[in-house]
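Peer 1: Chains as they are written, first to last, in the working numbering: chain A, 108 to 269; chain B, 16 to 351.
Just so you know, these hints were derived from the structure itself, not from any lab. Here the structure is a predicted model, which is why all the values come from computation and not from measurement. Some hints could be false.
Some but not every residue of chain A turned toward chain B, in silico, with C-beta under 8 Å [stated by the list, open to error]: (1) Asn112; (2) Lys223; (3) Pro227; (4) Glu231; (5) Gly245.
Which stretches of chain A does chain B cover? Using the computed rule of at least three CB atoms under 8 Å from a CB of chain B, they are [claimed, not checked]: (6) 133-141; (7) 170-184; (8) 204-217; (9) 232-242.
Derived, one-sided and incomplete: chain B residues facing chain A with beta-carbon distance under 7 Å [claimed, not checked]: (10) Tyr32; (11) Gly35; (12) Gly167.
The C-beta atom is built at its ideal place from N, Cα and C for all residues, glycine as well.
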Amino acid sequence: MKKINLKVNGVDYSVEIEEDVRLLDVLRNQLRLTGTKEGCGEGECGACTIIMDGVTVNSCMVMAFQAEGKEIITIEGMATKSGLHPIQRAFLEEGAVQCGFCIPGMVLSAKALLDKNLTPNREEIREAISGNLCRCTGYNKIVDAIDKASKYMGKEGDVNGI
Amino acid sequence: MKKRGIGIGSTFYGTGYGNGFPDVSKAIVELSQEGEIVLYVGATEVGQGAKTILTQMAAEVLGVSVEDITLVCEDTSITPDAGTAAASRQTYNTGNAIKRACENLRDEMIKIAVKQLGLNSSIGVKVENKKVYLNIFPDKKVSFKEIANLQGEETLKTEGIFTAQTTKMDEETGQGAPYWPYTFSVYGVEVEVDTETGLVEITKAVCAQDVGKAINPKLIEGQIDGGFAMGLGYAIFEDLGLHNGEIKHNRFTNYLIPTALDVPDLDKIIIEAPETTAPYGAKGIGEPVMIAVAPAILNAIYNAVGVRITEIPITPERLLKAIKDNGKNKLEEGKI
Chain A
108 MKKINLKVNG VDYSVEIEED VRLLDVLRNQ LRLTGTKEGC GEGECGACTI IMDGVTVNSC
168 MVMAFQAEGK EIITIEGMAT KSGLHPIQRA FLEEGAVQCG FCIPGMVLSA KALLDKNLTP
228 NREEIREAIS GNLCRCTGYN KIVDAIDKAS KYMGKEGDVN GI
Chain B
16 MKKRGIGIGS TFYGTGYGNG FPDVSKAIVE LSQEGEIVLY VGATEVGQGA KTILTQMAAE
76 VLGVSVEDIT LVCEDTSITP DAGTAAASRQ TYNTGNAIKR ACENLRDEMI KIAVKQLGLN
136 SSIGVKVENK KVYLNIFPDK KVSFKEIANL QGEETLKTEG IFTAQTTKMD EETGQGAPYW
196 PYTFSVYGVE VEVDTETGLV EITKAVCAQD VGKAINPKLI EGQIDGGFAM GLGYAIFEDL
256 GLHNGEIKHN RFTNYLIPTA LDVPDLDKII IEAPETTAPY GAKGIGEPVM IAVAPAILNA
316 IYNAVGVRIT EIPITPERLL KAIKDNGKNK LEEGKI
């Protein structure tokens, strides 16, 4: 057993972990943040994408102890009390969600992009989500949604409370 | 060298179980004690939008908004069987069952209103905005809540059953009417083939899809996008690598599916030609949206580099070999 300290969605946690568990397991099983999904479990599909210190990572490929002292954002950290994050709102409005399994990862990849580049073109958006596989949507409405979200965030700023 | 070509694929596809197999959908709708509409449907939502469009159809029949309907879905202890979410059948088959169930509820409510209001007949009686009223004298009205109160503890509940009409094909001749209805499509693509690497890129695509009637155009667009991506993967990426019954490509590192970078923006054309036996004319499009993609791509490859591909997926190695073989054949035939 090992104790790690990390900040998830603005909250400090101190968690006892088995040394061989992945960050994904800690998030889902110990912190009960089940919005992060496990798809392939080998870093190919992007369903478990989270943001760690401003960079997207596949949480199935990060050992939990590597998250010591890190700041993490999961899908649960996107909405605030005042409502959905503009990215989430745009996803809903554009019909970008079908079965929904890839969507938490898509939204976080979108956030990581828009935090760095608030005026991406469609090719840059496609590039930013190219590590997130989706079987239902054909990606186009997701690209539309991220494009729309960039405009919302340009006007409203990032309402994320973190 | 990069070579461009265009290709077209056109399909027609029968939806439903077909071939005379009994294809039955059921639905129940209830006027609750509070006068609210509750719809019970077993149709499975897998992201295609069944819950949305089936509720839209119920709302249309009962003259209420979608928000006024409580949908109870996929709970086998209380929802009747609506068959599988397969064969592109929920819009047409279960849509018809819901429409019937709601029409039955509407007729029952009208009967109660006629009696309560002392009307001569049901002529000119309308159901709208959670009330039943006489169109030529709207003060003669009774609300859904009042009808529910009149019903007492036994709520008003009606069922709708729809059985599709198909016949078994003649086993000898293959003749018959195995499916109804059919859905049609024409998809066109422009590809760029890299003759050095064998990579195929879709540079442009236009998808014209017959839907009967678009109950929810945005959802249809989403289905076309998704179907195109699946058809694209089917045509040039997805190879199970089956060897002696064993799947060799059993992970995303070797079973490649399209990413956001592989799928182009699509020009989507929704064609409405209402089907008379369908609910509001709407037909299923779940499978039809992917079928024309692979033939369109193969035709475009032929147009670009002059090789006729008969096996998919046309991976870069296969395409390079086909281009090379084609060149050799032409050389032997003295054409180049």
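Peer 1: Does each hint fit the structure? Answer for all of them.
Peer 2: Now the hints, each set against the structure:
no.: 1; hint: Asn112; result: violated, 33 Å
no.: 2; hint: Lys223; result: violated, 17 Å
no.: 3; hint: Pro227; result: violated, 12 Å
no.: 4; hint: Glu231; result: violated, 11 Å
no.: 5; hint: Gly245; result: holds, 3 Å
no.: 6; hint: 133-141; result: violated (count 0)
no.: 7; hint: 170-184; result: violated (count 0)
no.: 8; hint: 204-217; result: holds (count 4)
no.: 9; hint: 232-242; result: holds (count 10)
no.: 10; hint: Tyr32; result: violated, 23 Å
no.: 11; hint: Gly35; result: violated, 32 Å
no.: 12; hint: Gly167; result: violated, 41 Å
Taken one by one, the earlier hints fail for this structure at numbers 1, 2, 3, 4, 6, 7, 10, 11 and 12, listed in ascending order.
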